[in-house]
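If you're matching them up, the sequences are chains P and R in order. Position 64 (the first sequence) corresponds to 64 in my numbering; numbering is contiguous. Position 1 (the second sequence) corresponds to 1001 in my numbering; numbering is contiguous.
If you are wondering where the hints come from, they were derived from the structure by calculation, not from laboratory data. For glycine and all other residues, C-beta sits at the position ideal for the given N, C-alpha and C. Please note that the accuracy of each hint is not assured.
[As the list claims (entries may be wrong)] Heads up, incomplete: computed chain P residues facing chain R, CB under 8 Å, no partners named:
hint, residue
1, Gly34
2, Arg150
3, Tyr157
4, Val160
5, Ile168
6, Ser171
[Stated by the list, open to error] So the derived label-pair ranges between C-beta atoms look like this:
hint, chain 1, residue 1, chain 2, residue 2, range
7, P, Met1, R, Tyr1057, 35 to 41 Å
8, R, Lys1026, P, Met1, 37 to 43 Å
9, P, Gln106, R, Glu1031, 32 to 38 Å
10, P, Ala99, R, His1035, 51 to 57 Å
11, P, Trp112, R, Val1048, 49 to 55 Å
12, P, Trp112, R, Trp1036, 32 to 38 Å
[Said to hold, decoys possible] Far from chain P, some chain R residues (derived; all Cβ distances over 12 Å):
hint, residue
13, Arg1006
14, Phe1009
15, Phe1033
16, His1035
17, Asp1054
18, His1055
19, Leu1056
20, Glu1059
21, Glu1061
22, Gln1062
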Amino acid sequence: MVRLLGAALIMVACTGIGFRIARDYRERPRQLRGLMHALRVLQTEIEYTATPLPQALERVARRAPAPVKVLFETAAEGLRDPQQTLDTAFQAGMAALDAQSALRKQDYDVLWEFGRTLGTSDRLHQTQHIAATLEHLAALEREARDLQRRNERLWQYLGVLTGIALLILLS
Amino acid sequence: MTPEIRVVFQLAGIGFLVAILHTLLKQSGKEEFAHWTAFLGMVVVFIVVIGYVDHLYREIEQVFLHQ
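The following block holds chain P by itself, in its conformation from the complex (with noise of 0.2 Å):
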């Protein structure tokens, strides 16, 4: 009794491993599709309505999609703080969704890099480093969704894989 329940544990914690890592090689390109379309509200945002940056950030936060939201919430939050810099409030946005994403720190490179530069010129160059932004994530996603084809589904074998292994070795 108490061997099957060891065995159906280790079972467990093996399987739930492997498809968390799994999940990361999931959730990381379809989370760098939704920063790509947060950006592209920004872009608008700036290039058409030319919406002060605290409220052209908290519109993209209402349409930008789950984990991505965070980074825009959280420098619109910081923005509002009379203390901070916009170069704080995004760190402290790039930090908040780190908690909460996939993403790997070459993305976090390209955003740290949007993000000087953000507020720092007028629209055309802003639109521009938008632009630019785009088109390095844009890179990162197609890199994203080739390491997922390669490791999703070998991830959540190698976690069953090594569960049972261990069940045999154990056992």
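For this one, chain P is given, so just place chain R on it according to the hints.
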């Protein structure tokens, strides 16, 4: 199940798993990991088998040398 039969099945299971892992890792382009898992499986199996071979030799020793 007697312990001896159990060990045979255990080793067969390890062999199966290592084979599956090997093909899986190879398919997704991680050749070096595939080779490492195969090697690791071999080591594990050897550790188990060496214990039994040791046991066998002691038994033989007892039968033929300490009469």
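Going through the hints against the structure:
1. Interface restraint check: P:Gly34 against chain R, minimum CB-CB distance 26 Å, threshold 8 Å, status violated.
2. For the restraint placing P:Arg150 at the interface with chain R, the shortest Cβ-Cβ distance is roughly 5 Å, inside the 8 Å limit, so the hint holds.
3. Nearest Cβ of chain R to the Cβ of P:Tyr157: about 6 Å, under the 8 Å cut. The hint holds.
4. Interface restraint check: P:Val160 against chain R, minimum CB-CB distance 10 Å, threshold 8 Å, status violated.
5. Hint on P:Ile168 holds. Least Cβ distance to chain R is approximately 4 Å, under the 8 Å limit.
6. Restraint check, P:Ser171 versus chain R: the minimum CB separation of about 7 Å is within 8 Å; hint holds.
7. Between P:Met1 and R:Tyr1057 the CB atoms are about 38 Å apart, so this pair conforms to the stated range of 35 to 41 Å.
8. At about 40 Å, the beta-carbon gap between R:Lys1026 and P:Met1 stays in the expected band of 37 to 43 Å.
9. Evaluation of the 32 to 38 Å hint for P:Gln106 and R:Glu1031 yields a failure: the beta carbon distance comes to about 24 Å.
10. Evaluation of the 51 to 57 Å hint for P:Ala99 and R:His1035 yields a failure: the beta carbon distance comes to about 37 Å.
11. Checked against the given bound of 49 to 55 Å, the beta carbons of P:Trp112 and R:Val1048, roughly 51 Å apart, stay inside it.
12. Taking 32 to 38 Å as the suggested C-beta distance range, the pair P:Trp112 and R:Trp1036 conforms, at roughly 36 Å.
13. At roughly 8 Å, the least C-beta separation between R:Arg1006 and chain P is not larger than 12 Å, which violates its mark as non-interface.
14. Not every CB of chain P is more than 12 Å from the CB of R:Phe1009 (nearest about 9 Å), against its label as outside the interface.
15. Against the 12 Å criterion, R:Phe1033 falls within the reach of chain P, whose nearest CB is about 10 Å from its own CB.
16. Listed as outside the interface, R:His1035 is consistent with that label: its C-beta sits roughly 16 Å from the nearest C-beta of chain P, beyond the 12 Å cut-off.
17. Here R:Asp1054 stays apart from chain P, with its beta-carbon at least about 19 Å from theirs, past the 12 Å limit.
18. Residue-level check passed: R:His1055 sits 19 Å from the nearest beta carbon of chain P, beyond 12 Å.
19. Separation of R:Leu1056 from chain P is adequate, the least Cβ-Cβ distance of about 22 Å exceeding the 12 Å criterion.
20. Interface exclusion of R:Glu1059 from chain P stands, the closest Cβ pair being 25 Å apart, more than 12 Å.
21. Consistency note on R:Glu1061: stated as away from chain P, and its beta-carbon is indeed over 12 Å from all of that chain's, at 29 Å minimum.
22. The Cβ of R:Gln1062 sits about 29 Å from the closest Cβ of chain P, beyond the 12 Å cut-off, so the non-interface label holds.
The structure does not agree with the numbered hints 1, 4, 9, 10, 13, 14, 15 stated previously, though it agrees with the rest.
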